[in-house]
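Protein chains in written order, with our numbering: chain A, 1 to 112; chain B, 1001 to 1376.
Treat the hints loosely; a few may be bogus.
To be verified - Within a straight-line C-alpha distance of at most 25 Å, the following computed PhoX-like cross-link-like pairs (lysine-lysine) qualify:
no. : chain 1 : residue 1 : chain 2 : residue 2
1   : B       : K1254     : A       : K32
2   : B       : K1359     : B       : K1325
3   : B       : K1181     : B       : K1112
4   : B       : K1163     : A       : K37
5   : B       : K1373     : B       : K1209
6   : A       : K37       : B       : K1254
7   : B       : K1302     : B       : K1313
8   : B       : K1179     : B       : K1359
9   : B       : K1098     : B       : K1112
10  : A       : K67       : A       : K37
11  : B       : K1313     : B       : K1293
12  : A       : K32       : B       : K1069
Said to hold, decoys possible - One-sided excerpt, in silico: chain B residues whose CB lies under 7 Å from chain A:
no. : residue
13  : S1045
14  : R1167
15  : F1168
16  : T1170
17  : K1173
18  : C1288
19  : P1296
Simulated from the structure, these hints should not be mistaken for lab results.
It should be emphasised that the depicted structure is a prediction, and the values quoted were computed from it without experimental measurement.
Quick reminder that beta carbons are idealized off the backbone N, C-alpha and C, glycines included.
Residue strings, one per chain:
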Amino acid sequence: MHQVNDRTRDIGPFVPAEDDNILICRCEEITKGEIRKAVHDGMWTMTEIRRYLRCGMGLCQGQTCAKLVKSIVARELGISPAMLEPAASRAPMRPIEMHVLANEVKEGKQYE
Amino acid sequence: MSNNADVVIIGGGIIGCGISYYLAQKGSKVIVLEGSDHIGNGGSSRNGGGVRQSGRDPRELPLVMYGIKNYWPTLSEELEVDCEYHQDGNLRLGKTEKHKEILTGLTERAVKVGLDVKMIDGDEVRKINPYLSEEVTCASWCPTDGHANPLTTTLGYYKAARKSGVRFITGEKVVSLKKIKGKLRQVITENNVYEGETIVLAAGFASRKIANTVGIDIPMQKVSLEALVTEAQPHMFDQMLGTAEADFYGHQTKHGSFVFGGSSGLEGFTRDDYGLQSTYSLTASCICRGIMKYFPDLAKAKIVRTWAGWMDKCADGVPVLGNVKEVPGLVLACGFSGHGFGIAPGAASQIAELIVTGKTTVDLFDLRYDRFKAKI
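Bound conformation, chain A alone:
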């Protein structure tokens, strides 16, 4: 949601929790505690969280964990998850081998 977002707003201190060791992003092995800490480091959007921690950047591209990450970030910020835009989906939708992706030339030299 596009709106003015003052990053000095007080969201309170980081309080360690018992379940901080739970793996949230399986592909990149990012825990709940790491995500919560990142929010307190100032990463307040799904895009910033992803770039800072790599969660959602692995083989599944966040298709497994994005919703979980969003609810953790929203709770830490004290806002509704609906206020957080998802991070951009990127092509290709499934991992593709380089020689396959390269083979789109219709005329001229073909790559096998």
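With the hints as your guide, set chain B onto chain A.
Below, chain B without anything else, positioned relative to chain A:
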């Protein structure tokens, strides 16, 4: 909260975040305004991660050399973020006599400025990087070049600056600048007005339109570039790579994935980008073909993600840095022309020094805003 500060920085990319960090270290009160919803959402997060001196214009070379000597080696510790900085050299690869000519010219000009860079032949190249194909016949080799992670470095500057008391506001799009009694004083956004003794314009291509509101036009255009990343691969090499023909550039990251950037050659001549940094259907495939010619072993590596970004390309390919005579209080730090990441710590620290002390350690005269002249 007061909207006044010593310095108001427009642009929350690595340049704006970096300047705010170095200013905060010197005790200045700083506000950073970012137009998009995310910190580092332009070229700062979308580049190939090169921390490179070779292949650069001699006018900006002293600045990047200064940064690599004084800031990059200790940046991770300073920002308390893993910037994944590697200083394992840069190979700029060539395959033809024409490439060799280009590379030799670049190398000779860099040596004159005092950079340790030399030309090597194909066999020497493969001694450094055994995965390169036999097609590679020459390269320039600069052992003090390297690469880093643009995402963690940019957000690292943000995190450290925020911790030092810099006020960051995202989603705050600047509409115009306003002089008061002959001196630049106000930054007017869609929602608010901010005031500062000094206003820094570090908003990439968006800087042009904002500078226009006080009568300054920086000759630059917006050009789209793309990058892609593979799944994690076994460790292969640590050098930064580029090519004489600029088919692609990139490196293997700490994570194991390869990040390669490139273009299709049709950028700026085909479809409208509709104001989005979006990928073009031809480009990723074109980059893949470029990579496979140099690295046949990577043909089976899977591409997991592609993305696009704009560079703010100046008419002569180097940035615009420093004060503006006609607009006292305005400092420009834009137009990095697609190679602003590696130079960012050097440039940001020098702009902070300029604002606080009125002078710089590295001479910025060649990068002044009024250097552009008609060709005849």
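Status of each hint after checking the structure:
no.: 1; hint: B:K1254 - A:K32; result: holds (22 Å)
no.: 2; hint: B:K1359 - B:K1325; result: holds (15 Å)
no.: 3; hint: B:K1181 - B:K1112; result: violated (46 Å)
no.: 4; hint: B:K1163 - A:K37; result: holds (14 Å)
no.: 5; hint: B:K1373 - B:K1209; result: holds (20 Å)
no.: 6; hint: A:K37 - B:K1254; result: holds (22 Å)
no.: 7; hint: B:K1302 - B:K1313; result: violated (31 Å)
no.: 8; hint: B:K1179 - B:K1359; result: holds (23 Å)
no.: 9; hint: B:K1098 - B:K1112; result: holds (22 Å)
no.: 10; hint: A:K67 - A:K37; result: holds (18 Å)
no.: 11; hint: B:K1313 - B:K1293; result: violated (28 Å)
no.: 12; hint: A:K32 - B:K1069; result: violated (37 Å)
no.: 13; hint: S1045; result: holds (6 Å)
no.: 14; hint: R1167; result: holds (5 Å)
no.: 15; hint: F1168; result: holds (4 Å)
no.: 16; hint: T1170; result: holds (5 Å)
no.: 17; hint: K1173; result: violated (9 Å)
no.: 18; hint: C1288; result: holds (4 Å)
no.: 19; hint: P1296; result: violated (10 Å)
The structure shown violates the earlier hints numbered 3, 7, 11, 12, 17, 19.
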